[in-house]
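> Line order of the protein sequences matches chains R and E.
To convert, count from 1 in the first sequence and add 54; that's our numbering.
To convert, count from 1 in the second sequence and add 54; that's our numbering.
It should be emphasised that the hints constitute simulated quantities derived from the structure, not laboratory data.
Do not take every clue at face value.
No distinction is drawn between identical chains; accordingly, a pair holds when it is met within one copy or between any pair of copies.
Okay, derived cross-link-like pairs now, DMTMM-like style, lysine to aspartate or glutamate, Cα gap no bigger than 20 Å in a straight line [claimed, not checked]: (1) Lys-284 to Glu-468; (2) Lys-86 to Asp-218; (3) Lys-522 to Asp-231; (4) Lys-86 to Glu-294; (5) Lys-418 to Asp-231; (6) Lys-284 to Asp-79; (7) Lys-427 to Glu-471; (8) Lys-164 to Glu-198; (9) Lys-164 to Asp-205; (10) Lys-62 to Glu-109; (11) Lys-522 to Asp-79; (12) Lys-284 to Asp-100; (13) Lys-164 to Glu-197; (14) Lys-443 to Asp-218; (15) Lys-522 to Glu-227; (16) Lys-418 to Glu-177; (17) Lys-164 to Glu-195; (18) Lys-439 to Asp-100; (19) Lys-418 to Glu-81; (20) Lys-439 to Glu-294; (21) Lys-124 to Asp-205; (22) Lys-439 to Glu-525; (23) Lys-425 to Asp-222.
Protein chains: 2
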Amino acid sequence: MPAYALDKTSLTPLYQQLYQHLREDIESGILKVGARLPSRRRLANDLSVSPATVEAAITQLSVEGYVSPKPRSGYYVNAIETMPQTDSAKIAATGKRTIPANENRSFKKKPRFDLTSNDISNESFPFSQWTRTLRSVMAEEPEELIIGSGDPCGQPVLRNALADFLYDTRGMEVNPDCVVVASGSQVLYNLCVQLLGHQMTIAIEDPGYLRLHSIYRANGVETVPVPLGKNGLSRQGLEECGASLVHVMPSHQFPTGRVMPVNERYELLAWANEDDGRYILEDDYDSELRLQGRPVPTLKTIDALGRAIYTNTFTRSFAPGFRIAYMVLPEQLMNLYRRKLGFYSCTVSNMTQLALARFIESGKMTRHIAKVKTNSRKNRDTFIKVLRKSDLCNNIEFAGTDAGLHFMLHLDVELDESEIVARAEEAGIRIRPLRDYSMLASKNSGGDFERGIDHWFPISLSSLTETKAEEAAQALAHCLSMSGSFS
Amino acid sequence: MPAYALDKTSLTPLYQQLYQHLREDIESGILKVGARLPSRRRLANDLSVSPATVEAAITQLSVEGYVSPKPRSGYYVNAIETMPQTDSAKIAATGKRTIPANENRSFKKKPRFDLTSNDISNESFPFSQWTRTLRSVMAEEPEELIIGSGDPCGQPVLRNALADFLYDTRGMEVNPDCVVVASGSQVLYNLCVQLLGHQMTIAIEDPGYLRLHSIYRANGVETVPVPLGKNGLSRQGLEECGASLVHVMPSHQFPTGRVMPVNERYELLAWANEDDGRYILEDDYDSELRLQGRPVPTLKTIDALGRAIYTNTFTRSFAPGFRIAYMVLPEQLMNLYRRKLGFYSCTVSNMTQLALARFIESGKMTRHIAKVKTNSRKNRDTFIKVLRKSDLCNNIEFAGTDAGLHFMLHLDVELDESEIVARAEEAGIRIRPLRDYSMLASKNSGGDFERGIDHWFPISLSSLTETKAEEAAQALAHCLSMSGSFS
Chain R
55 MPAYALDKTS LTPLYQQLYQ HLREDIESGI LKVGARLPSR RRLANDLSVS PATVEAAITQ
115 LSVEGYVSPK PRSGYYVNAI ETMPQTDSAK IAATGKRTIP ANENRSFKKK PRFDLTSNDI
175 SNESFPFSQW TRTLRSVMAE EPEELIIGSG DPCGQPVLRN ALADFLYDTR GMEVNPDCVV
235 VASGSQVLYN LCVQLLGHQM TIAIEDPGYL RLHSIYRANG VETVPVPLGK NGLSRQGLEE
295 CGASLVHVMP SHQFPTGRVM PVNERYELLA WANEDDGRYI LEDDYDSELR LQGRPVPTLK
355 TIDALGRAIY TNTFTRSFAP GFRIAYMVLP EQLMNLYRRK LGFYSCTVSN MTQLALARFI
415 ESGKMTRHIA KVKTNSRKNR DTFIKVLRKS DLCNNIEFAG TDAGLHFMLH LDVELDESEI
475 VARAEEAGIR IRPLRDYSML ASKNSGGDFE RGIDHWFPIS LSSLTETKAE EAAQALAHCL
535 SMSGSFS
Chain E
55 MPAYALDKTS LTPLYQQLYQ HLREDIESGI LKVGARLPSR RRLANDLSVS PATVEAAITQ
115 LSVEGYVSPK PRSGYYVNAI ETMPQTDSAK IAATGKRTIP ANENRSFKKK PRFDLTSNDI
175 SNESFPFSQW TRTLRSVMAE EPEELIIGSG DPCGQPVLRN ALADFLYDTR GMEVNPDCVV
235 VASGSQVLYN LCVQLLGHQM TIAIEDPGYL RLHSIYRANG VETVPVPLGK NGLSRQGLEE
295 CGASLVHVMP SHQFPTGRVM PVNERYELLA WANEDDGRYI LEDDYDSELR LQGRPVPTLK
355 TIDALGRAIY TNTFTRSFAP GFRIAYMVLP EQLMNLYRRK LGFYSCTVSN MTQLALARFI
415 ESGKMTRHIA KVKTNSRKNR DTFIKVLRKS DLCNNIEFAG TDAGLHFMLH LDVELDESEI
475 VARAEEAGIR IRPLRDYSML ASKNSGGDFE RGIDHWFPIS LSSLTETKAE EAAQALAHCL
535 SMSGSFS
């Protein structure tokens, strides 16, 4: 038995050091299979440690299967199917781990003006009110924060608040018992697939939010882009692709900004009603932020037969960093949800849920949204005014400026779209052409899109202050006004 | 044109009232398809409202597709495919929504002593320290809280903290770049299926955490219970079921409390190494809470070839209400994750992530866990002592009392398991027999389980204080000691 060098000044307990030595000797074969360990007393004497220390080390080895006791005889080394070890398998007994912390890895360089971002500017966020709400929850409902046995669909108090919120902002009458809360829209879409089953095809508007294809396909479901043309979603395309679910954004299509007229909504519901297994996922992601007039009534509101699954998120209207979204299921699907997926825990922390409920019920959310709208309106107006007064004034057109946090800008210049993007990038501006939001554009050159697809750019100013919006417009006009770029 | 009664004292804006009247008349056919709306000026005069009010109402109708403008002519009523309307489709112009808030629906009555719960007692949770941490995050990193463009796998600062935490509590050397944070273990398992593909079979220990079957099956994946016998997971069962993923809890199997010996760990790794597509999901859910000795080294630690996906959660060690779990992927799977699922946003709010990172790095988590262990040890010791001194003293046996927050109790009484559960329930105690955690038990009567399955009950005392643990033991002894129940 080698005399192990145990370090009594180390922070690592002696029993752990001894365990480590013995284990290494077993793994390296120094202590052979079947060999009997020295008695506890002898080890304690030899190493000048207490019998309790030896006991603890051997118990540990025994629990892990390195040694086994034989009654009234002692501990014997077991046969262990050994494996090549990585460095990381050799547990350092003390000190810091040897794999360094991840460096601040170089994410893509952040542009000065990101006109593709959903982030919101610090100015727009009600820090002090939100902090106060959190504090009140922590002070008044501490026990509620920690328990895990809440309703799998979300805290009842939040689901009530969301029903009230939908009534106030969208004129919707929804049953709080049909609301499901989750940590982001992506989680909701995952749940929808699990609810409706994996054997389906999902139709997605094109141009549209292409990430939806990634999300649904990651769930093992087929997706098909269906052209969004002058007359809305191609009814023929929808029929032909055999979809049983269509994911649409009727109130404010992303990225085109199109609002689905009411007759198309009824047509879509009629499509869903033709077959029992057909559903519509109504993605209402920023409808509260409509800048002019009342938000358009939802498909869900005119859905008499329970074919529309309504989803919404606080990513745009509150902040993306909070990860809160919700859906309202038709009653028969809600019953199915409870039966089929009721075992899932809600994915949003109790703290966030309870604070959000208070924030809504106290009217703070409504006031916050009004403020976001005011800021958005100012940003939009300033941005448009600057461009209209610039050298580009005869080469620009706007669309969808009323419907929410983004709108469309047409740049009638002689540059290729890629050159526009490159020049903008040099000027510190990130923009993406509408074409990038279409899977069909390359085939089709977007001919069917309402106003053509060429040289249209979705613009989001939500991450900017008004001053920044002004600067962005100036920078954009300047970089595109250089000689030779006008058509 | 009927003279609409507009209420100037109403909180509903006039334009909205007018919009509502016009829309109803269009939907009911009073305003016929193709009819021209009265001019804006005439409507304004007739109704004694401003032209701007009329303009706003008509714009709204136009946006929604009820009417269309013809240049220099006015607005005309469109053809609308009408649908039967539900009451909820008629948007009430004012007042509260008519569907009431959900009542405090009667969840299953909460027992006085829930010995099946994962909740933690208020005593165990460090409210003031956690609140202080949250406040410091809100005060010092407000901008970080709201942005949404963070790393999809979790904030780097948290992933570093988790790597440090795993080093300190588990002796693991992990690369922070291989850590993925999510809002609960269930979300992680969903992601694992999406990562490895839906065309697989997953083997699950039996007895085990049966909810795993529900989770994986909801993802469209097949699951097979594999018996956990005297010699661990049946190797034959594992081979025969054709699984490519096996979900195991080596450090502290739920609910049996079994610790997987090291030779079984190597055997399992050898199984995974036999085929490129095979992986082991190592569910290490409460290993930090091992009550005696150092936690057992993980499979991941001895996994040289990258077959082990390590998962852990703060549900047990912190509190279930926070929804934070994480996994450590082998490097090749991490690369695949970034390529295949890198589009997902992290499902935990920035606030929780940043606060948790601080809580870990400041050493508060380690101290908290030490306290939870002390409490658990006290609860366990008191519970066992009371039962050993009770009339039941000759009819009880304990197993797995060192490994974490639950242990096993054998009740050698003449009552059926269902009678034991019923008597306990009457006495305010919720317990469940081990049999309830097995899909194979009915066929097999659990004969292969290490000590048999009959009359074993997993016991969790985490939701109790020491006094309650004492009372629970007394109540259990009393209700089972009534005449005729001894064997």
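> Checking an output row: Lys-439 and Glu-525, CA cutoff 20 Å. Within, between, both or neither?
So Lys-439 and Glu-525 pass the 20 Å test inside one copy only (12 Å; across, 74 Å).
> Could you place Lys-418 and Glu-81 in one of the four classes (within, between, both, neither) given a Cα distance threshold of 20 Å?
Neither: 63 Å inside a copy, 35 Å across copies.
> What label fits Lys-164 with Glu-195 when the C-alpha limit is 20 Å: within, between, both, or neither?
This pair counts as between: shortest inter-copy Cα distance 19 Å, intra-copy 40 Å.
> Go through the copies and call it for Lys-418 and Asp-231: within, between, both or neither, with a Cα cutoff of 20 Å.
Intra 24 Å, inter 39 Å, cutoff 20 Å: neither.
> Pop the pair Lys-443 and Asp-218 into one bin, within, between, both or neither, using alpha-carbon distances up to 20 Å.
neither (43 Å within a copy, 56 Å between copies)
> Evaluate Lys-418 and Glu-177 at a C-alpha cut-off of 20 Å and name the case that applies: within, between, both or neither.
Within one copy, since 16 Å is at most 20 Å while 33 Å is not.
> Between Lys-522 and Asp-79, at a C-alpha cutoff of 20 Å, which is it: within one copy, between copies, both, or neither?
Neither: 66 Å inside a chain and 46 Å across chains, both beyond 20 Å.
> With 20 Å as the alpha-carbon cut-off, assign the pair Lys-86 and Glu-294 to within, between, both or neither.
Neither, since 70 Å and 34 Å both go past 20 Å.
> Reference check for the pair Lys-164 and Glu-197, CA-CA at most 20 Å: within, between, both, or neither?
between (41 Å within a copy, 15 Å between copies)
> State whether the alpha carbon distance between Lys-164 and Asp-205 is at most 20 Å within one copy, between copies, both, or neither.
between (40 Å within a copy, 14 Å between copies)
> One pair to classify: Lys-86 and Asp-218, alpha carbons no more than 20 Å apart. Within, between, both, or neither?
neither (72 Å within a copy, 34 Å between copies)
> Treating 20 Å as the Cα threshold, decide for Lys-439 and Glu-294: within, between, both or neither.
The answer is neither: 44 Å in one copy and 71 Å across copies each exceed 20 Å.
Hints 1, 2, 3, 4, 5, 6, 7, 11, 12, 14, 15, 18, 19, 20, 21 from the list above are not met by this structure, while the remaining hints are.
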